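Novice: Here's the letter readout for the chains.
2 protein chains.
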Amino acid sequence: MGPIIEKFFRPRSIALIGASSSPGFGYGIPQIWEKCGWLDRATLVNPKGGTIRGKEVVRGVADLPDGIDLAVVIVPAVHVPEVLAELGKKGIQAVIIETAGFAEIGEEGKGKQDELLGIARQYGMRLVGPNCVGIVNTENCLSTVELLETSLEPGSLAIIAQSGVFGGILLDYLPELGLKASKVVTLGNKIDLDEADFLEYLVEDPQTRVILIYEEGARDGRRLLGALQRAGRRKPVIILKSGRTPLGRQATLSHTGSLSGEDKIYDAAFRQAGVVRAADLSEMIDLARVFLSQPPMKGKRIGILTTSGSLGAMAADALYNEGMELSPWAPDTIQKVRNAAPGWMNVKNPLDVGPSGVFPIAAEALFSDPNPDGYMLIPVVPHAIYETWSRLRIEVPQILGDWRVLREQAAGKPVVAVLLGSKEWRSRVLELCGNSIAAVNTPEEAAKALAALYRLGKNSSNGKTFNPKDPPRDPS
Amino acid sequence: MGPIIEKFFRPRSIALIGASSSPGFGYGIPQIWEKCGWLDRATLVNPKGGTIRGKEVVRGVADLPDGIDLAVVIVPAVHVPEVLAELGKKGIQAVIIETAGFAEIGEEGKGKQDELLGIARQYGMRLVGPNCVGIVNTENCLSTVELLETSLEPGSLAIIAQSGVFGGILLDYLPELGLKASKVVTLGNKIDLDEADFLEYLVEDPQTRVILIYEEGARDGRRLLGALQRAGRRKPVIILKSGRTPLGRQATLSHTGSLSGEDKIYDAAFRQAGVVRAADLSEMIDLARVFLSQPPMKGKRIGILTTSGSLGAMAADALYNEGMELSPWAPDTIQKVRNAAPGWMNVKNPLDVGPSGVFPIAAEALFSDPNPDGYMLIPVVPHAIYETWSRLRIEVPQILGDWRVLREQAAGKPVVAVLLGSKEWRSRVLELCGNSIAAVNTPEEAAKALAALYRLGKNSSNGKTFNPKDPPRDPS
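So the protein lines, in turn, are chains G and Y. Residue 337 in our numbering sits at position 336 of the first sequence; the count goes up by one each step and never skips. Residue 333 in our numbering sits at position 332 of the second sequence; the count goes up by one each step and never skips.
Hints were generated in silico from the structure; no laboratory data involved. Don't take each hint at face value.
Any copy will do: because identical chains look the same in the list, a pair fits if it lies in one copy or spans two.
In silico lysine to any residue, SDA-like type, Cα no more than 20 Å apart, as pairs [as the list claims (entries may be wrong)]: (1) 424 / 179; (2) 424 / 176; (3) 36 / 22; (4) 49 / 87; (5) 111 / 80; (6) 90 / 119; (7) 49 / 78; (8) 111 / 347; (9) 424 / 392; (10) 56 / 14; (11) 265 / 321; (12) 337 / 399; (13) 459 / 227; (14) 299 / 321; (15) 459 / 322; (16) 90 / 70; (17) 424 / 151; (18) 299 / 331.
It should be emphasised that the depicted structure is a prediction, and the values quoted were computed from it without experimental measurement.
Pulled out of the complex, with its shape left as it was, chain G reads as follows (with noise of 0.2 Å):
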């Protein structure tokens, strides 16, 4: 399968059927291909011919140049079987048809996709789509949908997503969770190349360190299965499957026109892959954000370390309902947090060391322990406090501790800070995660987190393991 996926993600030349110069679809492709620098490798196609962006139009598939690796082909769905069957007779062998209105609007439109998946057949061609937005390739700003600039900034999160509106406007939002991208596809109504496709390919990809996947309903169960499970032993993946419930089978019916089965069967069939699944959106994307910078975890003790007691207790309860432990604490731990502790300071876990000011202390001790298998940060402090500090001219780290050191004291296991309290204090809490310790909004989120990599450790150990610190290979 690698040859012709790379073709779709690391072509020589392309080709656009049905380049506009008006707005619309076909209008916004040539202008990222502008500004990435795939104008010259691309040959536009238009009934009317012209130029667009300063390029010359030709008229018909027939007239493309030889040579062609993928074609994008955005023109009518009336007109798609007949483009198709020319960009064939042209050998070309990759095809995004992001053209929607087939299986998705119902029978006749099965008939049509049913169609082209003949055609493709014929020629030998590999699909992808159709009624979806291609794909995306950040190592070589190759975009076949037009996108906000940041979201093409190279990083590790590949992403396979049944739906291209969905896909886009993931994409759209990334730059703002702090993700980057590695590699995206939008499969739309899959009737050639699947997620298990992409899945074998993106396994090897090394830009690639987590992989991210939206799914309404696999064509051929098994074979994604299989696929999840080759892909789960190597790289963390996510999925979001919806179609879960009766009403959400509907949804999905005339959505992309898949058949999403029932729920309990890819339950079952994910944990065995060892794959994660995520409940919702933003589950997904906090996962995706603790994979990227945390190992997997090796056991299930927990230490919280927090200046709320409130806010530690749901972190209890949160842990105790994703089968988490609290860690013990060393006795050695316990006496260097009481020499530095006033009268009033609990020395439990969680540790709420309130507005002592000995959270730096408190945190050397508890990541030097040995007992926790993670951590948990919950470093809120009301802004009357913060304002103090302020006023005196002490830095956040004075009052919270060098993270960068907690993070080599406790290396090989995972720490999630939890971000709450004013937008002041957030981004100074922030800051002090950098990109070694992730941030999650609340201490529910952090639990569910820990969990996951939890699971991801328990899967890995079946495998090679993956570990977020191994550097992604060069760019080549």
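Given the coordinates of chain G, assemble chain Y onto it according to the supplied hints.
Specialist: Chain Y alone, transformed into the frame defined by chain G:
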């Protein structure tokens, strides 16, 4: 209970025992009193005397003028009993003890705490605390804790929080969440006044429309349940309770000395009282936002309008999981949408209009349909399409319609919008929502909020109906 709680929220004159000229709690309170115009009505007490913020400091409680309505105590724990007895002798009836170091640190602290209660009973004083940050009343700009000024803008959300740190952080966070408080009380170890006392007051408070409670454990479960029952019939009450699991219970014990009790008993009791229990912090905040702007829902049938089939499917799944239903559309509604829609569009619920441009027409049709009891709007658009519109100088209201008109069409029904996509897009949609349509971040949050509005509707139909459109009485 009214008159005494009135002394806490609307005192004529106040005193701070433990005022300080060096940074710390005793420093920040005079500062905020000065900002809010309360310093003129305040007496500051510190054995050292001198001046703080240009105001003369008296050396002892004995030197306080007569007629102080509320005293705030922030002296070290060891001095609290003595100070409290002196306040009793001065005839002061309302006292907030912010000092920590009582039952939450164990047996010794418990003994000291019992001593405080004895003194209070002896002099007929009523106490808030210890181990808290007291109260906030945005109506008269009174706060016994230093806060961001934006947190003091008057609103309609009352908060009863057991923990001072947590209450403070919640206040810091509110402005960014688009929430404004009416009154806040942090109860700490609540040796005297508790949730029930404040609930009774807040349910009568004309500034308060929605009541939020963060609870670790009730001293008197039966009393709390009674108060919740009375309150829940008149105003939406949202409760977040930690100590839900064995791990969390252990944590609350060492935090505020609370015995948080069997969670199932609380669950049943809350349901019986008709209050809405939030599963976690972010749900609590979302529910508050939705309850402040949306009416209770009369039935469980939801209409969904979206531009993303995937998000529509996720929303359908989420509604199913919350026990809600998808509404059928009236034949007339279907016809109106079909007349405007391109051939590929499926007129179902969720209605996914994709990039067709018929959102305003579809919305008009759906919102005049009598079938749905409430609506979810998921108007996501990839940046590519948004850019195209921007180039054509098409404004978002042209694309999504006039939501004030929609709001009128669906009068009496809740409408919740989901904000997803690029930052710019989310701001545009938030503008469309204005104050009359609630905005949340995921389809799952929207589903939870609508389900809560349904439960609220069922509850309110047993008693007085509350409607967020009822204007609050003028502050007097």
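Novice: Each hint should be assessed against the structure and marked as holding or not.
Specialist: So, going through the hints one by one against the coordinates:
1. 424 / 179: For residue 424 and residue 179, the Cα distance is within 20 Å both inside one copy (16 Å) and across copies (13 Å).
2. 424 / 176: Classified as both: same-chain Cα gap 18 Å, cross-chain 10 Å, threshold 20 Å.
3. 36 / 22: within (16 Å within a copy, 60 Å between copies)
4. 49 / 87: Answer is within: at 18 Å inside a copy they meet the 20 Å cutoff, but 93 Å across does not.
5. 111 / 80: Within one copy only: 15 Å inside, 81 Å across.
6. 90 / 119: within (14 Å within a copy, 95 Å between copies)
7. 49 / 78: The answer is within: 18 Å in one copy meets 20 Å, while 85 Å across copies does not.
8. 111 / 347: Result: close only across copies, 14 Å inter versus 66 Å intra.
9. 424 / 392: within (18 Å within a copy, 33 Å between copies)
10. 56 / 14: within (15 Å within a copy, 78 Å between copies)
11. 265 / 321: between (24 Å within a copy, 15 Å between copies)
12. 337 / 399: within (19 Å within a copy, 64 Å between copies)
13. 459 / 227: within (19 Å within a copy, 48 Å between copies)
14. 299 / 321: within (17 Å within a copy, 36 Å between copies)
15. 459 / 322: within (19 Å within a copy, 29 Å between copies)
16. 90 / 70: Classified as within: same-chain Cα gap 14 Å, cross-chain 91 Å, threshold 20 Å.
17. 424 / 151: between (23 Å within a copy, 12 Å between copies)
18. 299 / 331: within (18 Å within a copy, 56 Å between copies)
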